[in-house]
Each structure stands twice: as C-alpha cells, then as structure tokens.
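Given chain H, put chain X in place with the hints provided.
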Amino acid sequence: MDTMKLEIVTPHGLIFSGNVKSATFPGAEGEFGVLPEHASLVSLLEAGVIEIEKEDGTVDSIVIDSGYVKVDENKTLVVVEGAVPIVGETESDMAKAIKEAKELIKKASNSDFAIANVEAKVETAAKTRF
Amino acid sequence: MANLKEIKLQINSVKGTQKTTRAMKLVSQAKLKRAEELAKRSRIYAQKLDELVSEIAYEINHSKVGGSDSRFVQTDLAVRTVDIICVTADKGLCGGFNVSTLKTTLKLLREYKEKKVAVRLRVIGRKAIDFLKYNGIEMTDEVIGLSASPDYKQAAEFMDQSLMDFASGVTDRVILIYNGFKNMLTQEQRVIQLMPIDISTVEPRELKSSIEYEPEEQEELLNTLLRKYAEYSMYYGLLDSLAAEHSARMQAMDNATKNASERVNELTIAYNKARQESITTELIEIISGMEALK
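Line order of the protein sequences matches chains H and X. According to the working numbering, the first sequence is numbered sequentially starting from 97. According to the working numbering, the second sequence is numbered sequentially starting from 620.
Only chain H is shown next, with the shape it has when bound in the complex (with noise of 0.2 Å):
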C-alpha cells in the first residue's frame, strides 16, 4: 500500500516526521481523512486528535490545539501551536501525556463537547495500547 510523508511542526519543534499510511485531522468545517494521493489542500485544524495509521499499522494519536494542514499529493504539512503525543513505554508514562493532553485542550477549546470528545478518543487511543 503507499504511503505519504508526514510531517508535524510546533514552536518547540518536531513532534512527528514519518511515512504513514493515512491520518485523521480535526478540521475547521468537520473531521476529515487524509491518503495519499489526496488533492492539494490547506485546512485551519481545531482544537482536537490527529490520528495517525502509520506503515506497520500501529495509530498514533497527537492532541493540538489550533494550527494549519496543508495536503500535497505525496506530502503533509502540520503546523501547530501546541501538541502532545499520546504514547508512552510504560503506563505512567501514558498518564502523564494523557494528563498534559487534557490540560491542553482545557486551554485551547471552550466548547465542552469538543472537550469530551477529545478526552473519549484519547482514552481510547491509551486503552489499546495496554
């Protein structure tokens, strides 16, 4: 199957660069999906889940807060003010990323449904990996 580049830039630096399989972005006019070869598109993202099918399979989840997509055929962009990954060796590790997701999404949204949902879908996110 092909894959596309990813890339995931914040202030504080790279949160992700890879090839991955397809990606889910929390855009401004509703949640869509991104494969490769998809056409050219530059998106506002909100406050939400970034999720990511990567090549063996595995998804990886990134809460944000607000930024840009921009999709090329080959190659996705990320630009983002905050992100906190959703992984983690061990479980305290996940705690801690889930805690500082969290707190992260207080900051950036004030609509509690974008709130719970972002929470339901890290929880979950956190539940498959243990």
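Warning: the hint list may mix true and false statements.
Said to hold, decoys possible - Listed next, with one range per pair, are the computed distances between beta-carbon atoms:
#1 Glu656(X) to Val183(H): 16 to 24 Å
#2 Ser207(H) to Leu645(X): 46 to 54 Å
#3 Thr99(H) to Lys877(X): 52 to 60 Å
#4 Gly635(X) to Ser207(H): 57 to 65 Å
#5 Glu776(X) to Gly153(H): 35 to 43 Å
As the list claims (entries may be wrong) - Computed, partial: chain X to chain H, Cβ under 8 Å:
#6 Tyr753
#7 Asp760
#8 Ile763
#9 Leu840
#10 Asn842
As the list claims (entries may be wrong) - Capping the alpha-carbon separation at 25 Å, the derived lysine-lysine pairs in DSS-like fashion look like this:
#11 Lys772(X) to Lys171(H)
#12 Lys710(X) to Lys198(H)
#13 Lys166(H) to Lys772(X)
#14 Lys659(X) to Lys117(H)
#15 Lys195(H) to Lys772(X)
Calculated from the structure, these hints are not laboratory results. We put the CB at the ideal spot given by N, CA and C, even for glycine.
Using the frame of chain H, we list chain X on its own:
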C-alpha cells in the same frame, strides 16, 4: 606589617570575586547551550510556516485584483502611531548587552519624534523598564520574567495585543527591537518590522494541482497565518535574545575572571615586595644593633 595584612585581605577578596565570576561563566555557558538548542528546534516551525504563507500569499496576489485586503500586508500605510516592542534581559552583569538595545531604542524614539509619529513603547525585561522609568520615558506595557524564560503562549498573548491594535487601525506599524545572537563572541542589534508584512515579493511555487482551501475564504486563512507568523517572530525574538544574553554574560564573566587573575598577580607581587622590605628592614635593624654593640 599592617600593609602586609591589608594586601593579603585584598588578594583574598579578589580571589573570592573570581570564584563567583567563574561560576557565573560556567552557568551561562550551560544555559547558552540550552537556549541555542531551543532556538534551533523552533526554527523548523518558521520554515514550514513560511512555506504555507508564501503559497497562500502567491495565490492571493495572482487571483485577486489589487492584492490582498488584509491590513497586515498593506505596506503603504501612512504611519501615525508605531508600536515599538523592546526586549532586554531581566538581569545585568552581561557587558553592553542591555545598553546597546536601549541605545537603539532611544535612537528610534528620537527619529519618530522628529517625524511627529506617536510611539507606544511596550517593554519586556526588567533592565529596560528600570532604565526607561529612571529617564521618565512613558511605557504602555511592562513585562518582567518573559525574557528570562520565553514561553510561546505568553509571547503570543503579548503579541496579540499589538496585532489587535494594528488590525483595528490604532497603530500603523509594529517594530521589534532586541539584541540577537550572532556567534559566541558577538551579538547583533536586530530591528524587525513585524507588521505590516510585505508579501508582494513571494516566489511562485510549482504546484501539481490547484489548492483547495478550507474555510474557503483565503483572506481569513492568510490573516490567521500572518498572525501566527508575527506571534512566532515574537517568540523567536525572545529565544534569540536569551541566547545572546547568555553569550554576552559568558564573555563579560570571562573578562572579569581574567581581570581578577591579573589583579591577583599584581597584588601578589606587591605582597612579596612588602614582605621582602620588612625582612630587609628587620635585618638592618639587627645588624646595626650588633654593630653598635661592638
């Protein structure tokens, strides 16, 4: 003998100072490394943001008659009020680091005064605030603590106030002044115009397909992007200034350490001379005493 004791005390005090300056140098060295690393990592964000802005700007330049309507890109505004953002360190003991930034700021203030342009001075850093207060220069904003530990959210909030005033027409230009990091030995005065941004010169880009925008309003996208751009420039300015501050302090403390060891050498020679002198005097006394007994 009193003289000897005095010199000894002096030597000890200079040695104490030297210990402090050497420690401060080492601390700055470590902090400089961290600040440089932060700045380097964040630069990638600027590159990517640049990519996005230039693409959208190019599109707008071409598809719209007369270019963008956004106030952020109107470079021919009549300048009546200027926002000057001045960044210095919170602490001293770093050579001419703060002074040179203040000099540039004062020069700019004078220039605008001659042109009868109103200036709003927004200041970050205790050193600048103290200086300007002492000289009776009015400031619109005073922020302490941000230049010592730059934080993106705080920098963005600070910048947002300037951007809001600019967008609503209260100010016509936003300028950032700080002392930037050039290399380990030199700092460079940076005077950056944050707003308005000139987008008329962006390079065209090869695109395989036309870009779709979401939300469809390109102007809105450009506006928010340029806002982010200015916010980032502010944040980067703080990082750069911090790196420069540490390099300046490192240098100043290195010089101080060197001066201290020179002083210790001088004092040691003086001490030895004084000791020799007292020995000679004592010997003469003994010898003349013996001579007198003969």
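Would you say the C-beta atoms of Glu656(X) and Val183(H) sit inside 16 to 24 Å of each other?
22 Å, holds
Between the alpha carbons of Lys195(H) and Lys772(X), is the straight-line distance 25 Å or under?
Answer holds: Lys195(H) to Lys772(X) is near 19 Å, not above 25 Å.
Assess, step by step, whether the Cα of Lys166(H) is no farther than 25 Å from the Cα of Lys772(X), and give holds or violated.
23 Å, holds
Does Leu840(X) pass the interface check with chain H, least Cβ-Cβ distance below 8 Å?
This hint holds: Leu840(X) lies near chain H, its Cβ roughly 7 Å from the closest one there, short of 8 Å.
Lys772(X) paired with Lys171(H) [C-alpha distance capped at 25 Å]:
28 Å, violated
Given the hint of 35 to 43 Å, is the C-beta distance from Glu776(X) to Gly153(H) inside that range or not?
41 Å, holds
Please check whether Asn842(X) passes as an interface residue: C-beta within 8 Å of a C-beta belonging to chain H.
It is violated, given that the least Cβ distance between Asn842(X) and chain H is near 11 Å, above 8 Å.
Answer holds if the nearest beta-carbon of chain H is closer than 8 Å to that of Tyr753(X); otherwise answer violated.
34 Å, violated
Given hint Lys117(H) paired with Lys659(X) - CA-CA distance at most 25 Å:
30 Å, violated
In this structure, is the beta-carbon distance linking Gly635(X) and Ser207(H) contained in 57 to 65 Å?
60 Å Cβ-Cβ, so the 57 to 65 Å window holds.
Given Ile763(X) was flagged as interface, is its beta-carbon under 8 Å from a beta-carbon of chain H?
Where the cut-off is 8 Å and the nearest Cβ of chain H is about 22 Å from Ile763(X), the hint is violated.
Taking the CB of Ser207(H) and the CB of Leu645(X), does the distance hold inside 46 to 54 Å?
Between Ser207(H) and Leu645(X), where Cβ atoms are some 49 Å apart, the hint holds.
In summary, the numbered hints that this structure violates are 6, 7, 8, 10, 11, 12, 14.
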